[in-house]
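Novice: Below, each chain spelled out in residue letters.
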Amino acid sequence: MSVPTSESTSESTSAATAARPPERPAAAPRARASALRTLATAQRVLSQLRHDPRTIGLLIVVPCVLLILLKYVFDAEPRIFDHSGAPLLGIFPLTVMFLVTSVATLRERSSGTLERLLTMPLGKLDLLLGYAFAFGALALVQAAVAFGLTLGPLGLHVSGPTWLLFAVALADGLLGTALGLFVSAFAATEFQAVQFLPAFILPQFLLCGLFTPRGDMQPVLRWISDVMPLSYAVDAMNRLTARPGVDGLVVRDLIVIVGITLVSLALGAVTLRRRTA
Amino acid sequence: MVRGGRAVLDGLSLDIARGSVTGLLGPSGCGKTTLMRSIVGVQKTAGGRVTVLGRPAGDARLRRRVGYVTQAPSVYSDLTVAENLRYFAAVLGVPRADAERVAAQVGLRGRERDVVGRLSGGQHARVSLAAALLGEPELLVLDEPTVGLDPVLRRELWDLFHRLAGAGATLLISSHVMDEATRCDHLLLMRDGAIIADDTPAALLARTGAREIEQAFLALVEEDQRPDTATGTGTSAGVSGSDRSEPAKEASR
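Those protein sequence lines, which keep their order, are chains A and B. Residue 1 is where the first sequence starts when you use our numbering, and the numbers rise one by one after that. Residue 1 is where the second sequence starts when you use our numbering, and the numbers rise one by one after that.
Note that these hints are calculated values from the structure, not bench results. Please note: incorrect hints may appear among the correct ones.
Claimed, not checked - Covered stretches of chain A, as calculated for chain B (at least 3 residues, CB under 8 Å): (1) 32 to 40; (2) 44 to 57; (3) 87 to 93; (4) 101 to 115.
Unchecked claim - The following label-pair restraints were derived from C-beta to C-beta distances: (5) 163(B) / 50(A): 49 to 59 Å; (6) 226(A) / 147(B): 37 to 47 Å; (7) 159(B) / 144(A): 49 to 59 Å; (8) 59(B) / 203(A): 56 to 66 Å; (9) 120(B) / 144(A): 15 to 25 Å.
We put the beta carbon where it would ideally sit given N, CA and C, even for glycine.
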């Protein structure tokens, strides 16, 4: 059996590598390179959206149309809009970003571009943060339009500070993005990815306190709702409409939302494999 | 190596010399893509060793030095040619001007502002190839890069491949079209996960007495008395530095 030259080569190389210090650039240029890749990724995702103006239109117009519908369907009982308008301002960014991200990531996986990126010097975090920046920006635009409409012409009264309202909407959008990134790993087709919306978000929708206060639910359901991310999105919005100033509980809700976002980003990173079967 | 519950590339050993164009030929399903994925380091392997440019395949330090083109074009079809290339250039950390250079190299100058999804299949594939040329990688692994292209364009691309090899790059190019074999410096003929020949096109023809590579392939299949490889799992492949001293043959262990 002749000459597996590669074996001798690789053995000698590994010996050589052990003797030599690892070739790593210094920490600061590395962090800078990583930041540039993250920004390039965010810019690329936004360019993709820019080429698809209809999707942007749908993302921004549909929540507004739904809010207007809600207002006028319950025209006779304005209390209902006052009660459910604010939770919806938290639910829309989460739901929409979840859907957009899970489809975008699935496309990235199925088109082979994810595999290409992972053969390049792109960190998984660079990719995930790039998506988070791009969709976070989109979530802010969507929130700005929806807030403008709801607090202005539709006359919803919010006692808390507006910036905190934006902070919660942004956190909800990012949470949706992070959950979408994670969940898309379990979808093999776009049909499946779309089905994850009713499977993953609708139960939370029922349990988040929009229809019945969470405190009035069966204990088991209440416990479940306590661990559902959407509950905190809705709680934060409810507290913001009810109380003036910066409420400590809103901050706690915000921390929970950010925490779940980070956990799902980490889980999402685990699903990005450089080697596949 | 086991893939899909089936052992493929079992007891296979090969070496690819630098600065050459090596053709990987064989019928579809024979393991060409799996072998290429192993060299790029995106294939989960169940054993064996793949050394690329002196490092284990998939090593982080190789990510700038190896370019890979998958069979299906892997670029963003909803972006323009320039947007795609500039993004991949940014990820690789190479200057933006490199995007224009590679677009010209694959004959896409003037189409930079077109959205990739609206290009023809052949142009789409060339965008994917251009992305792999960014940063002048030392090793290019190209999985059927010329499928579906017209003959003029195919010749241009093969000329490009030879220019790249002349500049010191190593190219491993798969094809199931046997007539592309003569354009390679070196050939690896593959069948059922095994390399059945590893030689220059001229030497293969001389050895089998055939006039065309296709006939040589058939002759080799007939004479192939490969022992039963069910016992071995060792797979090793190397894209090594030095000159090829001797062609490595199947080594079952």
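Novice: Decide, hint by hint, whether the structure agrees.
Specialist: Now the hints, each set against the structure:
no.	hint	result
1	32 to 40	holds (count 4)
2	44 to 57	holds (count 5)
3	87 to 93	violated (count 0)
4	101 to 115	holds (count 4)
5	163(B) / 50(A): 49 to 59 Å	36 Å, violated
6	226(A) / 147(B): 37 to 47 Å	55 Å, violated
7	159(B) / 144(A): 49 to 59 Å	54 Å, holds
8	59(B) / 203(A): 56 to 66 Å	44 Å, violated
9	120(B) / 144(A): 15 to 25 Å	41 Å, violated
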